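The chain contents come next:
4 protein chains.
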Amino acid sequence: MVRNSFGNIFVLTTFGESHGVAIGGVIDGMPAGIEIDFDFIQNELKRRRPGQSKITTSRSEPDKVEFFSGVFEGKSTGAPIGFAVYNTDQHSKDYDNMRALFRPSHADFTYYKKYGERDYRGGGRSSARVTIARCVGGALAKLVLRKLHIDIKAYTSQVGSIILENDYYKYDLNTIEDNIVRCPDQRKATEMAELIEQVKNEGDTIGGVVSCVIKGCPVGLGEPEFGKLHAQLGAAMLSINAAKGFEYGMGFAGVGKRGSEQNDVFYSQKGNISTVTNHSGGVQGGISNGQDIFFRVAFKPVATLLMPQETVDEHGDATSFHAHGRHDPCVLPRAVPIVEAMAAMVVLDNYLLNLTIKV
Amino acid sequence: MVRNSFGNIFVLTTFGESHGVAIGGVIDGMPAGIEIDFDFIQNELKRRRPGQSKITTSRSEPDKVEFFSGVFEGKSTGAPIGFAVYNTDQHSKDYDNMRALFRPSHADFTYYKKYGERDYRGGGRSSARVTIARCVGGALAKLVLRKLHIDIKAYTSQVGSIILENDYYKYDLNTIEDNIVRCPDQRKATEMAELIEQVKNEGDTIGGVVSCVIKGCPVGLGEPEFGKLHAQLGAAMLSINAAKGFEYGMGFAGVGKRGSEQNDVFYSQKGNISTVTNHSGGVQGGISNGQDIFFRVAFKPVATLLMPQETVDEHGDATSFHAHGRHDPCVLPRAVPIVEAMAAMVVLDNYLLNLTIKV
Amino acid sequence: MVRNSFGNIFVLTTFGESHGVAIGGVIDGMPAGIEIDFDFIQNELKRRRPGQSKITTSRSEPDKVEFFSGVFEGKSTGAPIGFAVYNTDQHSKDYDNMRALFRPSHADFTYYKKYGERDYRGGGRSSARVTIARCVGGALAKLVLRKLHIDIKAYTSQVGSIILENDYYKYDLNTIEDNIVRCPDQRKATEMAELIEQVKNEGDTIGGVVSCVIKGCPVGLGEPEFGKLHAQLGAAMLSINAAKGFEYGMGFAGVGKRGSEQNDVFYSQKGNISTVTNHSGGVQGGISNGQDIFFRVAFKPVATLLMPQETVDEHGDATSFHAHGRHDPCVLPRAVPIVEAMAAMVVLDNYLLNLTIKV
Amino acid sequence: MVRNSFGNIFVLTTFGESHGVAIGGVIDGMPAGIEIDFDFIQNELKRRRPGQSKITTSRSEPDKVEFFSGVFEGKSTGAPIGFAVYNTDQHSKDYDNMRALFRPSHADFTYYKKYGERDYRGGGRSSARVTIARCVGGALAKLVLRKLHIDIKAYTSQVGSIILENDYYKYDLNTIEDNIVRCPDQRKATEMAELIEQVKNEGDTIGGVVSCVIKGCPVGLGEPEFGKLHAQLGAAMLSINAAKGFEYGMGFAGVGKRGSEQNDVFYSQKGNISTVTNHSGGVQGGISNGQDIFFRVAFKPVATLLMPQETVDEHGDATSFHAHGRHDPCVLPRAVPIVEAMAAMVVLDNYLLNLTIKV
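Protein chains in written order, with the numbering used here: chain A, 1 to 359; chain B, 1 to 359; chain C, 1 to 359; chain D, 1 to 359.
You may find that some hints are simply not true.
Which copy? The list can't say, so a pair holds if one copy fits it or any two copies do.
[Unchecked claim] Mimicking DSSO-like on lysine-lysine, the simulated pairs with C-alpha atoms at most 27 Å apart in a straight line are:
{"#": "1", "residue 1": "K147", "residue 2": "K270"}
{"#": "2", "residue 1": "K54", "residue 2": "K93"}
{"#": "3", "residue 1": "K147", "residue 2": "K64"}
{"#": "4", "residue 1": "K75", "residue 2": "K153"}
{"#": "5", "residue 1": "K153", "residue 2": "K113"}
{"#": "6", "residue 1": "K358", "residue 2": "K215"}
Keep in mind that the hints were calculated from the coordinates and are not lab data. In this text, all values refer to a predicted model and were calculated from it rather than measured experimentally.
So that you can see chain A by itself, here it is in the shape it has in the complex (with noise of 0.2 Å):
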């Protein structure tokens, strides 16, 4: 059931709202007999934080993660992992004035309208706070696939018109941690910065991409149909607070092409099956085929603006706000953590159901 629940085989749930006692999920399907770093998991939520940085919110939260099952002397034991990471610096006086209105681009209006019940503060359900747990299942993930030696990198790409020009093999995307806002080109990502911070004293909100490459995918992940690679990626993408496009390959700029400049044409080196380009993005007919799969989720500007705005209330009369809480002038920076743990899960996800493809 596509709700609060993510994935086939390795399957996240999750809950929390922004404001609750605690954002956290279940984890089911995790292989035994994993080592589980706690260490890692815990800087995986780092990376997500807020108050990281001068330009993400200055929300203090340690999002400490305590887990609940599911690791016993420090292994997986194929039980399902629970966990929760405590709400400790939730200012929700800040959100009094929001009780009865509808913030625009907000979901307080939708959720309203779809639940007769709305929890107001901060964004609820609906909040970006809830990526907790995504990122927690994706630390996981990771921790399987780095058996598996596949790798899986993010980065911002572009902010407002700041965008990097190369493809990602261009950069040395070690390097995306070295600034704040994960960059793999630091003179653009100290623009970026720039940008961001004048938006931010301006009030105002700026948006973005994000890129992923996935590197040491096996050939033969996804599923025929419905479950084509590309399509579980982009759901994961699309399903991440403010996303609002994802292409994978040559993308929306390959629709201009000839099918003769787009093909990616096969060769064999030692045994090997390799493609010359790489414009289908490591994904044929939606199945994994060894290359390097890489793709860009597009973010919209933070609907939540520092200045006043005109709105209506639950009564539909017209009425105006002005938001004083804490945030982001842009999500970019603390996204980039969410699409690699989102990739993933999708990427653990079909191995796992790939290996029930023969007896």
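Could you slot chains B, C and D onto chain A? The hints should help.
Leaving out everything else, chains B, C and D in the frame of chain A:
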């Protein structure tokens, strides 16, 4: 399980290969008591049919659907609806020379590696011919949506570098079927058709974009977290053969904007809450907000070229081949009804699921 | 979704009504590279076929299965396998007098109230005829299990008050097909057949029990919590028409015992850990322990009697009717292959799922 | 996926081990706007709690449930409800001598073989302690069912050879909580309690039967084919620890009857169609018919004996052991609320699913 089934409540399961006996499927969860308009369904298949114009493949298939169950005295009974469309015009010999080689940018290589077996004739399971089953599912979904006053219209908005510059609401979407490209701008449609013909004459192929608009969707469809409406639509669209990208609302174009430019301000008219602009594309927080839903899907150029290409065979030995089958030079015209079909199933599925929110 | 699909990895989706065009389905998740023995499959259908003996319904159906997809050059390809069995000997007129009334202990009333529509001819979707699709799914599963040396045998162990008193291992289960009741005790089989004939002559019906044994199942199949192997087997068996109860191992008879009498003590022989007794029925903690799995399924007497019965019609008015269709006086002989088919699918599904536990 | 999740629309996912940090879960699909009666929930847990009487284990756990999400201002919001119950009274040392051996008729051996890892303390994931999460899910389901006037009552109807001879409607089911066995016949209850005490004093254990009645269930719940209401109930009940059998309506006792004795004749009273008898147990064709639903669940004697037992260790070497932990001599009294909880979730899930049948 994300293999050959699609949906949560209204579930389509499909089977069939390009040169097998038949393409078909089962629709489970069709609401009971719906009048089944067989002419309408057959007409939807006609829109997808090969050989419908000079710019589509010349494979000649009547694509007559046979229903096996689930309909009694002209109405759906709530029982699963089984159906099949027989393949009648396979030229499997055309593929004899492809038995042991991997066509570039096709699924030949990935299927072979994944399954160890493959039906090489006409692409087998990876052929776009299997989308017949989606069109049947979509047609049935549309019959229900018609009752609910929800209308879905897709159209070709780009072929190669020929682009419709205006937003969807500037066009009369009832004129889409007036030309063979399925484009609401008749002048551009002529240009597009000419380009496709030219590309075809060169033995080459070309890509493009399908745009889609959903009108009349009530507020509240879509689920939080992983089942966001646009994430489901994205997965559906990306699962269509040759799809390379998906965006909704402002999509990739919106990433360069500020929040103050992007936010959709609410207003109320006669008790009905609406938005002044619709940059959100009808979806906020993953849930429909009552505005028009719109999105765009990028399709790459078809991989099959009618010109010589280099590749390798199953042993990794270099070889070349020259396809002589019957192929589309551009998927766009025939992709339009498939986009609509997938959208219809997603919307109906979410409509039904939403009925379970309150007791 | 628990409607017309069954299984997690090996998934059977079925369609069809007793007097519709055809019964059929789709099998998704069939492992690739399995040789498809069509004669074996057809023979499994023959075991379920009506008109096979004097103690079964005289409806005459060849029940010839047509495969649409998923098999190429005699082997499964990993693509979904679509299939159908056409109905050829419907006597729908026999049901004209039942159009508006509710037969006692049938699904007429419940379907009518649930769906508002119903196909009253021959029970429609609720007919035992739809189990054809299960037998096809089971036959394909058996082809895989054969490779894995897992063997499933069901047999009639009770008809009315005629009961096999010994445990399964006292009988030669290879003799089950030697009589029309499918009972390994040839003398009891004769008594059972005589009882069924007598009941039939009275226009009445009779119930019984099918027992089933699974040999060669490896240790480790089944999932903790909700997917316990016996819970899955129970759900599968209880979903068969007319099933009223399920028990495994000592079942209901064990509730009167002490733990010290019931526990199965482990011992080791040549490095192989086994149990001295098998009161657990081959399943411990919901997971197979390598011993024979055995269970029993209770079937009620068929609801259709060839004698006058009182009832009400759709308006609630009292009426009476006298069925003249062709019906089984006892489901047991034909239930045996269905029990096997369901068991085969459950075991294969769990075998495949179990492949994902370790990487 | 049939692992640690249960249900289709109302989905409970659980985690936790007997001696881990906590037992808990996530409930997805709780209808919005339901008042959450925390006292009621806690009381349901109290009915399952260890140490509640002299005939249950003396492990002392407050079993206080903490809710993390999905409830706001006392009502469900439609968001997933995360919860946990901390383990506070583990005596893990009691299990040190069981680290490397397999207790007879426990899950020690099967888990070890399946996962390669196991949490041997107190049974780990296979412990009945994990049913806490089921009781929380069931309590929430009951809150919704209360609004729908659907009532579920389970009771102990057999312990060892002490059996309630009358049908459920001969007893006052409101007196179930009046004794520690949860039996509506106070005299038999005393006998049962005495038997359990005697067995306990011998270091042995004993089995029994729980009966359950569902009143007020509307016509139409349950799905055809694989989702028959009784098949779902059966799977739910068989997934409870120590369950060995399930029957509904006449169950196994009905197999010896004739159809003419078993059929439930319809009659109409004041426009309401009912049946004269209820041998069907409230379910016909897999769908509720508006009559009382009733079923019985067989539970084996607990496998843990407080006497010496022979077994083998992980190396297959013979060994013996003597359990000294705190254990129930009979699961029946504490199984009653678990049976109710599972039934409540099945009924609510089907109620919600049934809302999608008609538009």
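Evaluated hints:
no., hint, in the structure
1, K147 to K270, "within (25 Å within a copy, 34 Å between copies)"
2, K54 to K93, "within (23 Å within a copy, 50 Å between copies)"
3, K147 to K64, "within (25 Å within a copy, 39 Å between copies)"
4, K75 to K153, "within (25 Å within a copy, 40 Å between copies)"
5, K153 to K113, "between (38 Å within a copy, 26 Å between copies)"
6, K358 to K215, "both (24 Å within a copy, 22 Å between copies)"
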